[in-house]
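There are 4 protein chains.
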Amino acid sequence: MTQAKKHSLRKKIYTIIFEAETPVGKFFDIALLILILSSVTVVTLESVVELRKNYLSVFLTLEWIFTIIFTIEYFLRIYSSPKPFKYIFSFFGLVDLLSIIPTYLSLFILGSQYFLVIRVLRLLRVARIFKLTRFINEGQVLSKALRASMAKILVFLGVVLTIVVIVGSMMYIIEGAKSGFTSIPISIYWTIVTLTTVGYGDIAPQSALGQVLASFIMIMGYGIIAVPTGIVSVELAKTEREALATTKVCPNCHKEGHFNDANYCFNCGYSFSNFQ
Amino acid sequence: MTQAKKHSLRKKIYTIIFEAETPVGKFFDIALLILILSSVTVVTLESVVELRKNYLSVFLTLEWIFTIIFTIEYFLRIYSSPKPFKYIFSFFGLVDLLSIIPTYLSLFILGSQYFLVIRVLRLLRVARIFKLTRFINEGQVLSKALRASMAKILVFLGVVLTIVVIVGSMMYIIEGAKSGFTSIPISIYWTIVTLTTVGYGDIAPQSALGQVLASFIMIMGYGIIAVPTGIVSVELAKTEREALATTKVCPNCHKEGHFNDANYCFNCGYSFSNFQ
Amino acid sequence: MTQAKKHSLRKKIYTIIFEAETPVGKFFDIALLILILSSVTVVTLESVVELRKNYLSVFLTLEWIFTIIFTIEYFLRIYSSPKPFKYIFSFFGLVDLLSIIPTYLSLFILGSQYFLVIRVLRLLRVARIFKLTRFINEGQVLSKALRASMAKILVFLGVVLTIVVIVGSMMYIIEGAKSGFTSIPISIYWTIVTLTTVGYGDIAPQSALGQVLASFIMIMGYGIIAVPTGIVSVELAKTEREALATTKVCPNCHKEGHFNDANYCFNCGYSFSNFQ
Amino acid sequence: MTQAKKHSLRKKIYTIIFEAETPVGKFFDIALLILILSSVTVVTLESVVELRKNYLSVFLTLEWIFTIIFTIEYFLRIYSSPKPFKYIFSFFGLVDLLSIIPTYLSLFILGSQYFLVIRVLRLLRVARIFKLTRFINEGQVLSKALRASMAKILVFLGVVLTIVVIVGSMMYIIEGAKSGFTSIPISIYWTIVTLTTVGYGDIAPQSALGQVLASFIMIMGYGIIAVPTGIVSVELAKTEREALATTKVCPNCHKEGHFNDANYCFNCGYSFSNFQ
Numbered sequence: 001m002t003q004a005k006k007h008s009l010r011k012k013i014y015t016i017i018f019e020a021e022t023p024v025g026k027f028f029d030i031a032l033l034i035l036i037l038s039s040v041t042v043v044t045l046e047s048v049v050e051l052r053k054n055y056l057s058v059f060l061t062l063e064w065i066f067t068i069i070f071t072i073e074y075f076l077r078i079y080s081s082p083k084p085f086k087y088i089f090s091f092f093g094l095v096d097l098l099s100i101i102p103t104y105l106s107l108f109i110l111g112s113q114y115f116l117v118i119r120v121l122r123l124l125r126v127a128r129i130f131k132l133t134r135f136i137n138e139g140q141v142l143s144k145a146l147r148a149s150m151a152k153i154l155v156f157l158g159v160v161l162t163i164v165v166i167v168g169s170m171m172y173i174i175e176g177a178k179s180g181f182t183s184i185p186i187s188i189y190w191t192i193v194t195l196t197t198v199g200y201g202d203i204a205p206q207s208a209l210g211q212v213l214a215s216f217i218m219i220m221g222y223g224i225i226a227v228p229t230g231i232v233s234v235e236l237a238k239t240e241r242e243a244l245a246t247t248k249v250c251p252n253c254h255k256e257g258h259f260n261d262a263n264y265c266f267n268c269g270y271s272f273s274n275f276q
Numbered sequence: 001m002t003q004a005k006k007h008s009l010r011k012k013i014y015t016i017i018f019e020a021e022t023p024v025g026k027f028f029d030i031a032l033l034i035l036i037l038s039s040v041t042v043v044t045l046e047s048v049v050e051l052r053k054n055y056l057s058v059f060l061t062l063e064w065i066f067t068i069i070f071t072i073e074y075f076l077r078i079y080s081s082p083k084p085f086k087y088i089f090s091f092f093g094l095v096d097l098l099s100i101i102p103t104y105l106s107l108f109i110l111g112s113q114y115f116l117v118i119r120v121l122r123l124l125r126v127a128r129i130f131k132l133t134r135f136i137n138e139g140q141v142l143s144k145a146l147r148a149s150m151a152k153i154l155v156f157l158g159v160v161l162t163i164v165v166i167v168g169s170m171m172y173i174i175e176g177a178k179s180g181f182t183s184i185p186i187s188i189y190w191t192i193v194t195l196t197t198v199g200y201g202d203i204a205p206q207s208a209l210g211q212v213l214a215s216f217i218m219i220m221g222y223g224i225i226a227v228p229t230g231i232v233s234v235e236l237a238k239t240e241r242e243a244l245a246t247t248k249v250c251p252n253c254h255k256e257g258h259f260n261d262a263n264y265c266f267n268c269g270y271s272f273s274n275f276q
Numbered sequence: 001m002t003q004a005k006k007h008s009l010r011k012k013i014y015t016i017i018f019e020a021e022t023p024v025g026k027f028f029d030i031a032l033l034i035l036i037l038s039s040v041t042v043v044t045l046e047s048v049v050e051l052r053k054n055y056l057s058v059f060l061t062l063e064w065i066f067t068i069i070f071t072i073e074y075f076l077r078i079y080s081s082p083k084p085f086k087y088i089f090s091f092f093g094l095v096d097l098l099s100i101i102p103t104y105l106s107l108f109i110l111g112s113q114y115f116l117v118i119r120v121l122r123l124l125r126v127a128r129i130f131k132l133t134r135f136i137n138e139g140q141v142l143s144k145a146l147r148a149s150m151a152k153i154l155v156f157l158g159v160v161l162t163i164v165v166i167v168g169s170m171m172y173i174i175e176g177a178k179s180g181f182t183s184i185p186i187s188i189y190w191t192i193v194t195l196t197t198v199g200y201g202d203i204a205p206q207s208a209l210g211q212v213l214a215s216f217i218m219i220m221g222y223g224i225i226a227v228p229t230g231i232v233s234v235e236l237a238k239t240e241r242e243a244l245a246t247t248k249v250c251p252n253c254h255k256e257g258h259f260n261d262a263n264y265c266f267n268c269g270y271s272f273s274n275f276q
Numbered sequence: 001m002t003q004a005k006k007h008s009l010r011k012k013i014y015t016i017i018f019e020a021e022t023p024v025g026k027f028f029d030i031a032l033l034i035l036i037l038s039s040v041t042v043v044t045l046e047s048v049v050e051l052r053k054n055y056l057s058v059f060l061t062l063e064w065i066f067t068i069i070f071t072i073e074y075f076l077r078i079y080s081s082p083k084p085f086k087y088i089f090s091f092f093g094l095v096d097l098l099s100i101i102p103t104y105l106s107l108f109i110l111g112s113q114y115f116l117v118i119r120v121l122r123l124l125r126v127a128r129i130f131k132l133t134r135f136i137n138e139g140q141v142l143s144k145a146l147r148a149s150m151a152k153i154l155v156f157l158g159v160v161l162t163i164v165v166i167v168g169s170m171m172y173i174i175e176g177a178k179s180g181f182t183s184i185p186i187s188i189y190w191t192i193v194t195l196t197t198v199g200y201g202d203i204a205p206q207s208a209l210g211q212v213l214a215s216f217i218m219i220m221g222y223g224i225i226a227v228p229t230g231i232v233s234v235e236l237a238k239t240e241r242e243a244l245a246t247t248k249v250c251p252n253c254h255k256e257g258h259f260n261d262a263n264y265c266f267n268c269g270y271s272f273s274n275f276q
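Sequence lines, in order, name chains A, B, C and D. In terms of the UniProt record's numbering, the first sequence opens at residue 1 and continues consecutively. In terms of the UniProt record's numbering, the second sequence opens at residue 1 and continues consecutively. In terms of the UniProt record's numbering, the third sequence opens at residue 1 and continues consecutively. In terms of the UniProt record's numbering, the fourth sequence opens at residue 1 and continues consecutively.
Please keep in mind that the hints were generated in silico from the structure rather than gathered at the bench. Even for Gly, the Cβ is constructed at its ideal location relative to N, Cα and C. A few of these clues could be false.
As the list claims (entries may be wrong) - Here are the simulated lysine-lysine pairs, DSS-like style, with alpha carbons at most 25 Å apart:
#, chain 1, residue 1, chain 2, residue 2
1, A, 238, D, 53
2, C, 238, D, 144
3, A, 178, D, 86
4, A, 238, D, 86
5, A, 178, D, 238
6, B, 238, A, 238
7, D, 144, C, 144
8, A, 178, B, 178
9, B, 144, C, 86
10, B, 144, C, 238
Said to hold, decoys possible - Computed footprint of chain B on chain A, listed as stretches where at least three residues anywhere in the stretch have a Cβ under 8 Å from a Cβ of chain B:
#, stretch
11, 165-171
12, 199-207
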């Protein structure tokens, strides 16, 4: 095999594995999607005692088949990648590696095969199949809005955690060990369970004072959920509005981001009516 | 009966059964609404052991009366419909059929009468009575906004499910069978129960590490509920704004966003009466 | 006492009891507020077994004192009201009557004093003290937005209830009596508990299929909470925007409700620049 | 030490302790942040029985070290403050004092060291480190929006509490002590637990009527969470819009809403540079 042929083979593999534009590339991605989902399902089901007892050999066989396929895929990725080391140490490179290691480790360490669920992260890579649809775009709007909300949400979380520590300690002092509030960390855990309206009920206040304080936390939790919701709503609306504003470009200075009802370019003052 | 008379009878039945404009048609729909609700109530109550013991014959009689009425209605629909096969295989045609079959099946198969609750789907058909009110309109705005949000909500659900699988597996490894986390599917179920803030409490983490991870999931679940809410709010606002904005545009300056009762453009003062 | 004097006395009482503009009227309302709250607290505490055992005579005395005061107030309201019958059969008139009857009934019927909590509804009357503040205004914006959302929320609730009936019946068929799903009404109750993310945990699915269906309902419930929230947000924003629009009045035709950036009256076409 | 030197020393200490502009001041704040977090963690962990048994001396030593450091800091704050009494009686002055007292009290009163968790409030002071970032700004937008929503949220809470008292009493009458609804206060507590969708499950209705009423409350609670969320969303949007809108107005046509980097008015084409 000449160097040129080898190069063309590597490029072909690269197109199939890393891209999704060609029919073969798309087929590869759909096959990978099915393999990942099946593989995660197998790992998941193997943990059910009754199933493991009866079908252990089936599970083991399937696991090894999936792992060998993923291992081959991993080495093909390294082989075909123009910058192999950049791939190996990228987020997806590490996920790909972690998706095959636990099976080999399970030969030595019992139970390590459960770490195979990390394969579910590979789904994020296959999300690429939807590249041609509007999903990527929607995902970008969502993640942009979430990143813009991050600072406000962190301020909010800081206040919530301060409340949770203080209220948790108060509940420990009020209720004490006999009601299940055996320590401050447990009381803080209970406060989070209550504030987020999860409410397991494994620990619940027994004294009148404890129940009054609990009622107070519940109503607070019920109310302050409004804050992150409001933040995200506003940011989403803003992101979408900005996305709208970028559709108009000034024909004079080529600046983007005008409002739809703008008469003049806000950057160079060019009158849009000259153009139309 | 001549062909013409037969045709006019079929048309009359069609107007009564399929439409709700005439007084008789409206009366038919209200009677149907009451029959459906009574029938679903009877099926529902029959499942209560104490009631079934004492009133079984009453339940059976009522069930057969309802079924016979619905059967007659079903055949009248087929008879009066201009394209009977199109009706039979339409969504509502199938619901109508499934609403009567279980009673006949219950002669052979015990317990199949509970499938009669499918009759509740027939309520969607009777929603037509409200056609003349603003309900249909509101329903359309809602469903348009939901369809527009669908892509974003699917992206969101995909991310949530990935989180749920990974966290569920981590909880299985951390807590194990002694705390009730008997398998990965059960742990995933618990994670969904916790993330959605339902919190049954039938399974709850016992170890410190498990409780820390659980707290993390709860706060995350409490926070990310903001995302679908924000999405729907923004889409609803957009749908309503579009519904308003598309109704009136100034023919002179092309400014949008006039009130429905405006006589003059608020931007350039053009009289709308010049145009109409 | 002359007729004139009597009339002036009635008017004075009316001003004190029914209005809150004068200092005496305000004092009366604050005293009433305290009496109502104390009275509801007494009724509430009387139901606690340990307290009733030890302080029954205190509770009874206080109850009779409150009732006698409220009875006098009720007759003064009838006496001073210009149209006594209109007052008696108004919402607040009936609440006032129902707030005193149970004490008298408790002489004959045991336990009827607990119906005295209806007194809490009288608080809505005392909300009038806040008339001079911005609370009334805020309440009106809120209730206007809620009324505007009502049609959409009813459509939404109809769909939710249809889902709840169908899913409840499915859970009854899947899980059955051994998991606590003893009848379809109980299963519907459980579905509501789950869909609204309350999650008591007194009934919880045991089978794999039941847990999958339950997960599905939880995620749906977690998602569709976005719908009423979105509806109310949009309506609130609209109500507030409309409230803004009413601040500008056309100096020519006195039509209200112009946008802040309007140049011409949308009703008569008058140019606002002529005026400024 | 001369008076001038003393004054300069006090000013230096003031700059380090009270401000965060200088490198030393920033280092001080970060050290304080770590000390506070460590100290709260120690208090929290001390309450865990197993840990207290084994590491009591470690906990006590650490607690005294933290307390002595905080005491020195407290007196340095008094010493360096230009108006010591204003500092002592300020909110943060009181928090600083309460953060050291419990350790001294624990010599006489057992268990008082748990009140040390109040130190967590000192974190609010250290939030100053983030002064240079956008966090303070975001916090102000959030708190402004929350203050603006306060009146609406209070009206909302008033209505919710009235509902809770009435429904709680009804559940007490319907369910009674045998289902755990032992008194009206307990029933009100249960109603809050249910309405806020927390749902512990320690108390749950058993009778059919009770479950119907409970379902009603759950759906109501599920629906009315929309109200505070809507309120906060609208206020946040308004606050942000105002923050944007007030920054730039065209001096020629008085149109608002320009981007911060706009050179020309998008409405009339006026060059902003003519004006500045």
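These are the hints, each one checked on the structure:
1. A:238 / D:53: Measuring from Cα to Cα gives roughly 55 Å; hence the hint is violated.
2. C:238 / D:144: Status holds; Cα separation ~21 Å.
3. A:178 / D:86: Status violated; Cα separation ~43 Å.
4. A:238 / D:86: Violated - the C-alpha atoms of residue 86 of chain D and residue 238 of chain A are around 43 Å apart, more than 25 Å.
5. A:178 / D:238: 49 Å, violated
6. B:238 / A:238: 12 Å, holds
7. D:144 / C:144: Distance of about 24 Å is within 25 Å: holds.
8. A:178 / B:178: 23 Å, holds
9. B:144 / C:86: 47 Å, violated
10. B:144 / C:238: 19 Å, holds
11. 165-171: violated (count 0)
12. 199-207: Since 4 is at least three, the answer is holds.
Figure legend: structure checked against the earlier numbered hints; hints not met, in rising order: 1, 3, 4, 5, 9 and 11.
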